[in-house]
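*Asks:* In case you want the letters, here they are:
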Amino acid sequence: MLKFVLKRILMLIPVILGIVLIVFTIMYLTPGDPARLILGEKAPQEQVDVLRDQMGLNDPFVVQFARYVGNMLRGDFGRSYATNIPVAETIAERFPKTAELALAGMFLSVLIGMPIGILSAVKRYSILDNISMIFAMLATAIPAFWLGMMLIIAFSLNLKWFPSSGFDTFRQMVLPTITLAAVNAAVIIRMTRSSMLEVVRQDYIRTAWAKGADQKRVVLGHALKNSIIPVITVIGINFGSLLGGAVVTETVFGIPGLGTAMVNAIRMKDNPLVLGSVVYIAIVFSLVNLAVDIIYALIDPRLRE
Amino acid sequence: MTAQNSAAGQGAQAPLLEVRDLSTYFPVYGGALSTVKGYVHAVDGVSFTVNQHETLGLVGESGCGKSTLIRSILLLEKPTKGQILFEGQDMQAMKAAQLRHLRRNLQIVFQDPYAALDPRMTIGQIIGEPLRVHGEADAAQRERQVKELLEMVGLQRGYYHRYPHEFSGGQRQRVSIARALALRPKLILCDEPVSALDVSIQSQILNLLRSLQSEFGLTYIFISHALNVVRYVSDRVGVMYLGKLVELAPVKELYTTPRHPYTRALLSAIPIPDPTVSRERILLQGDLPNPKNPPAGCRFHTRCPFAADECRAAEPALTEVAPGCQVACHRAVRGEI
Amino acid sequence: GDSAGTNPGGEAAPAAPSGEKDSVIVAMNADPTGFDPQVTLDATAMMVMYNIYDTLVESDGACSSDIRPGLAESWDISDDNMVYTFHLKSGVKFHNGEPFTAADAKFTIERAMVEPATASYCASIDKVDAPDDSTLVVTLKVPFANFLMNLGGSFFGVVNEKAVTESGEDYGRNPVGTGPYKFVSWSSGDNVVLAYNEDYHGEAPAIKNVTYRVLPDTSTALVALQNGEIDALPNSAPIDAPTIEADPNLNLYSAPGATIAYIGFNTQAAPFDNEKVRQAVKYAINKEEVFMGAQDGDGVLANSPLNEVMDGYNPDDPVMNPYDLEKAKALMTEAGYADGFSCSIKLAAGQNREKVAQVVQAQLKEIGITASIETLEKGTYFEQMAVGNYEVYVGGLNWPDADDMLTYLFASDGPFNWGSVYSNPTIDELLVKARQENDAAKRSEMYQQIVKITDEDANKIPLYFPNQYFAAKNSLKGVRVIDNCYYPVASWSWE
Amino acid sequence: MSSLLEVSHLKVLFHTQQGDVPAVDDVSFQVEEGETLCIVGESGCGKSATVQAVMKLVPTPPGEYAGGKILLEGRDLLPLSTKEMIPIRGHEMSMIFQEPMTSLNPVKTIGSQVGEVLEIHRRDLSAREIRAQVEEKLSLVGIPDPARCAASYPHQLSGGMRQRAMIAMALACEPKILIADEPTTALDVTIQAQILDLIRQLKEKTGMTVLLITHDLGVVAEMAQRVLVMYSGKVVEQGEVGALFRAPLHPYTEGLLACLPRVDQDEEELYTIPGQVSNPADFPKGCRFHPRCPYRQQICKEISPELREADGRLVACHFLPGERVRREEGAL
Amino acid sequence: MTVKTEKPLSARPEGEEKKESPFKEFCRRFFRNKQAVIGLVIFVMLVFVAVFADVLVDYDNQVIKQDIVNKRQPPSSEHLMGTDDYGRDILARVIYGTRISLTIGLTTVACAMAAGIVIGAVSGYFGGRLDNVIMRVMDVFMSIPSMLLAIAVVASLGPGIVNIMIAVGLALVPGYSRVVRSAVLSVRNKEFVQAAKAVGDSHFSIILHHIIPNALAPVIVQATLGVGEVIITAAGLSFLGLGIAPPMPEWGAMLSEGREFIRYMPHLVLFPGLSIMITVLALNLLGDGLRDALDPQMK
Ligand SMILES: Nc1ncnc2c1ncn2[C@@H]1O[C@H](COP(=O)(O)OP(=O)(O)OP(=O)(O)O)[C@@H](O)[C@H]1O
Ligand SMILES: Nc1ncnc2c1ncn2[C@@H]1O[C@H](COP(=O)(O)OP(=O)(O)OP(=O)(O)O)[C@@H](O)[C@H]1O
Ligand SMILES: [Mg+2]
Ligand SMILES: [Mg+2]
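Residue numbers (this note's numbering), protein chains in the order written: chain C, 1 to 305; chain Z, 1 to 337; chain L, 1 to 495; chain E, 1 to 332; chain R, 1 to 299.
One chain only, chain C, in its complex shape:
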């Protein structure tokens, strides 16, 4: 098991390097002159040229990339063009909110998705099953930002149950979490349901019945653990889309997470911040997937070797 974990951690290194390379390349190809941006619209060209040189923007791509990776290893993601604040600090300040949001969203969607998915599968074709399938269908078809806006109108403006913005108190967390969780809950419901239905057809479930197990034992004791395995993968993969979706949700609800910082940074052409944030989130996402793989192996003994 330890070997498995170590192996997965080792495998993470090239993946992370790859992530940095891709995002760095994308941002490198961005038209626009960072030096001009830092100095502002009115600065004379000579000054801009000097700064370009200082920032190493005239160096070849490989040199710039190597420098970036080198700095990154020391925890230095550069400084924001717009605020001159070290990107690492902005990330440290902003990311916890995004993480909270994503975790809350994940927690809620698992809390809703798994039990409903299981019940839907066990009581296939029942009313509950139909309702949850309709919900799942609708939820995946509604753009999150639209849902968020509608929730604000309904529950914040008209009913005044929840605040429309922020993410500090419990009441503030309700609407954004629902917004973010809706799609994911739908995915988890569907995944759990189909995985459960799949597992229920397996031979070993027949074996369990043949032993004289009752339904509770069959579902909880035999089917659940097996059917959860694919769901966990989905949860891991979807954590990425939650982190991505947080960008939109944060914008709708004015949550000061890394997502809004990133959107802002794009508007301001603040490349180091965009680059740093994307790389950071991608790394976090890889780590989440590592964790998922480990959980996976804990559940499924076949993967441990």
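Don't read these hints as lab results, they were simulated from the structure.
All C-beta atoms in this analysis are idealised placements derived from N, C-alpha and C, irrespective of residue type, glycine included.
Misleading hints may appear alongside valid ones.
[Said to hold, decoys possible] No farther apart than 30 Å at their CA atoms in a straight line, the calculated lysine-lysine pairs in the DSBU-like style are these:
#, chain 1, residue 1, chain 2, residue 2
1, C, 225, E, 83
2, E, 108, Z, 292
3, R, 197, Z, 292
4, R, 197, Z, 81
5, E, 83, C, 123
6, E, 176, E, 108
7, L, 365, R, 65
8, R, 71, L, 327
9, Z, 147, R, 197
10, Z, 147, C, 3
11, E, 69, E, 203
[As the list claims (entries may be wrong)] Chain C side only, calculated, beta carbon under 10 Å to chain L, not exhaustive:
#, residue
12, 93
13, 152
14, 255
Chains Z, L, E and R with the ligands: place on chain C using the hints.
*Replies:* Below, chains Z, L, E and R with the ligands alone, put in the same frame as chain C:
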């Protein structure tokens, strides 16, 4: 048995196929960096010859390397070492075009009649494929040939435009055989062609294979794990165990006087559909060892009731003990068992 | 939210008994970029900095000739208008406890002279001297009539030399001023917290704690205001005005804005190097419609880059809305473009210039010009504009002083004369003269002359000045709306 | 005395998209205490459906118990609810399946899966006792290191070991009847021999009753006392094993025996049963075997033969061996 | 010795058993699924609207022509869905938006699918080191949340319809290539492929004739579901201000334009929002139906 007679009559002729010390290993990946941690010795130093018009049967338990051997002969799997001589020519040394040409002479029939036919092609396309690939005949000619082939294997010409799913397992196996026959090959490699079929269908296919052999002078390598089937079709039989050929003998010899302990056990394990026959049974202990790390010495020693120290120490070579009878067992060679 | 007494969490604020309440939560529509007055010129940051920093002299924003003493109690001006001697207040302390001296003032101005963001505002300054702790002497290169007003701008906010040196690159996050509020914390993207400065040299403000909350979405922000999550909403959207006015708990303050929206051309490249074409565009644009479309008719139309608060404004000349489609078409034909042509309209993302562009796009279609809209990120936009890589653009300029406004737009080296495509020696000369002219009437005349010249060659087409709005709870008193970033909290109080 | 298990006129339908499939059609048989009854027949003839019905394990839907009786010691199981079946399954009757890999839960240890049967049916046992019993059962089925095996997961064992574990599980509560649905089909011959030998030994030791399903006549010959031959959902012949092999009464049984190549005999050409098993959704009228039968007469195409007694056995054919006329090829 | 034993003896030709072709069976399964049929009907209607958008509405005079005086009119008999911020008829824009959104969705997915098929087929078929390298690269792409990848690409290339398609499509490729690869892996060792190899068929021909046709089904399902995903992601980018340039009536852009008026004139966001919802819903129903019909055992 016509085939056997003709083979015996032309005994002096050069063999159609000669396999020399053929080995095929599959790398096993492992460790933190997915490096090669070892090899599955799927086929390990196998040598034999196949003569014109004869049927060489190969038996062995699941995983002993039968399919790999066949696939290696066809160069579908790259052999790790050894030589494959077809009509005296080294297949691995051939140029691509030459090899392509030679492939016409070597065809294969698979075990699973469901997986062997592309579900998206019509029977006509499937059987015509070898002709198409080799640029044989134009479309019209091809259709005529395919229909002839259909008839040859006992199917109706009208099936030409049907799809595989419309057929039963036995019929599909006939289609597979027709495809293998399309290029008029000299050698057909049959990888468990009847294992997936019901008994009542199995005999139809076996009869078909035999009649085709006599009609076209075909040569077969016939793989099966069912010894009764092998006995029925083969002139000579080879027994494989964990990638090794442990015994090779003419069919009568092998079934009447099996020499290798494994062959004996295998033979005795087969239930005979006759409640009146009662035999002394040699029950083997344990399972087939993991081919990733086969036992040292004789590979069979872990399950062999006659194992001695020398069996654990040295690997026995395939040795001729009687005309045409070879066995790889220290003690059997000396006639001790 | 980590400062005591504030409630950035935004639970519907518990109705504190009136009179006891001494904190306020103000919305900000974007995260500020830092609080270094000589580095940061963004509007949200300036809104905060006005409350942290003092300037030597004070004016209401920068658009008033009413100059009041600030950190300088009084000043003398030499006869040639070249040397200004300031007598500084004594006993003033920075938030870090350091005493305020002339050396800090000198440091500040000299810093402003070299910082890229502010250097251009200091073009007229020759040197600064601090003969003693309470005297500051500023010598100009040329006389500059608006010098004092300029000195009241937030970018001359006086900083403490020691604090600046100590913090180095991070000064923007650790601002130290002498103003009524001192900086407490800034959590990026979320809020900025200020607290009352006990040592403030002026009158003690009624509000003790100020929290600025970042609420980028205007409709969310309004809901927050209505729900009592925040107390004040600067720059509320015109569309929300009726709602705010209808809300019995809210007050809406408005003032004519000083930000102009205009259309500019690259006058050096075909087809807009052809004056006829520019004229045609001028007549093809129905300002009323643009104004309605972009602004819902909120604000005032512009006939020139100047408005009523600026010198040289004349409401009748040039014509307010010269829209005349026939004439425009005729001009196009005259210019040899009877069949029209294609061009692109560039603009920087993130303002409602996009709406302007869309309306203009539709109007240009009427005279056969097929315009595509290129919304560029700020950086790209500036970069392309700076080298003259554009055809038509929608510009905006917030500079409520006639001299600056006209200089930036029309001077040969004016920063908003993008790529220096326009050069008119007469205008350059007039600008210099006006700057040195102390007689307001004469100065106005010169400005009018410039306006006339530029209108005739249709160099830029002024569109409108939007109104300035500020929504707040009606229990918040003392609110003044002066400029889009100048809201002195010190004057506020709860009812 | 009534039989231990008596199935009479059992009918199981599967509702499929091609129509209703009468997978088990009017099947009757008895299993006597202590005997081994083999059911043979081609793939799809309804062997599994029959024994699954006995355990009430036919998935419904798509399956349906369409009639008949299943009497276990005189008590009809068909009307019982799932709950009422619990004490019977695994306790009075237990079952092992063909594919030992997929029939074991991949994420649970062998020990816990074997122990579960005891947990369900032997409430009186403590966890410790269960563990001890599990190891005992595992060693009973010839697993060399029961403690290690109990802690292993299915994928860590070989096929033969898994099948042994399955048997241990089935035997945990010492059931009266062991139903084995093709227990050796997925295994190699040498392993098959081990497993069959094991079942035989256990039977000798405990005297349990075995219902063995297979398609291998060799296995039947070795294991069975009595045989039930099924074809297309129907019982075509039933009787004592020796007699049946010696002189099969039904043409299908006859063909089946004749078409097998044997290790102990040479044959020049194999007998073949022509054609193939009919599509279960569309069985032919009359005798279901008639399209492949070399002796068919007009009546075979019209009337489905009833099981009748002949020679101490039961057979479902209009003609007994002496009455048949072999048709010439192509005469139809 | 004759082998034609079965023909004269069998009562009827065996091939005549009522087994359907896979396609027919697929159709029967699909059309029994009411939801899927609804999805298909809606989708066909949407495609119809998209194809004939030019005929249904006049782009110059209805879709982009402004009428500032009549801006933000509530729905009326003249403007069934009201007018937008520039006085343009929302219905006309929604209709035209169908073309844009569907084009974005379908083109992006088609391109991503093509790339995915090539990458997946090559990777899966040849296996070994090449496969390893390709899959690691795909892993890397998959480790960047798709929305973020899209944001980074838009940040770099700037907004615009083609850039959006690149941004969103790029994120889809790894998923598709994985699906294709695993399908290819399951086909690659099928014996009919071995048979083709044994005959001497070339790799290219094998991939083309055997591998891709048999590996296509899961990708098609994935792609159908992907179209909806793309439409939503593109709308999300437009919402963040990183989307399509005006005056193109892309639904997401319409939503984000109408956003500030959501309190007062919800119809500005209601109709484009509903359009997205219905389209995505239809595609999802269709995709699920396809999946169930193609392989009832698939998840
Ligand atoms: N592509 C491969 N990669 C790694 N190992 C393989 C591969 N193909 C076969 N093997 C291993 O090689 C050994 C021999 O396999 P092969 O398929 O030749 O056996 P077989 O005798 O045909 O068995 P069966 O009767 O089950 O068909 C097995 O242990 C198998 O796991
Ligand atoms: N779940 C099911 N749904 C529909 N039809 C079924 C189902 N299970 C079995 N059948 C049908 O019932 C018939 C009998 O099946 P059964 O599994 O009993 O055959 P079998 O004799 O055990 O065959 P095998 O030797 O292949 O195991 C077959 O025709 C099969 O198609
Ligand atoms: Mg094989
Ligand atoms: Mg069965």
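*Asks:* Honestly, which of those hints from before does the structure not fit?
*Replies:* 10
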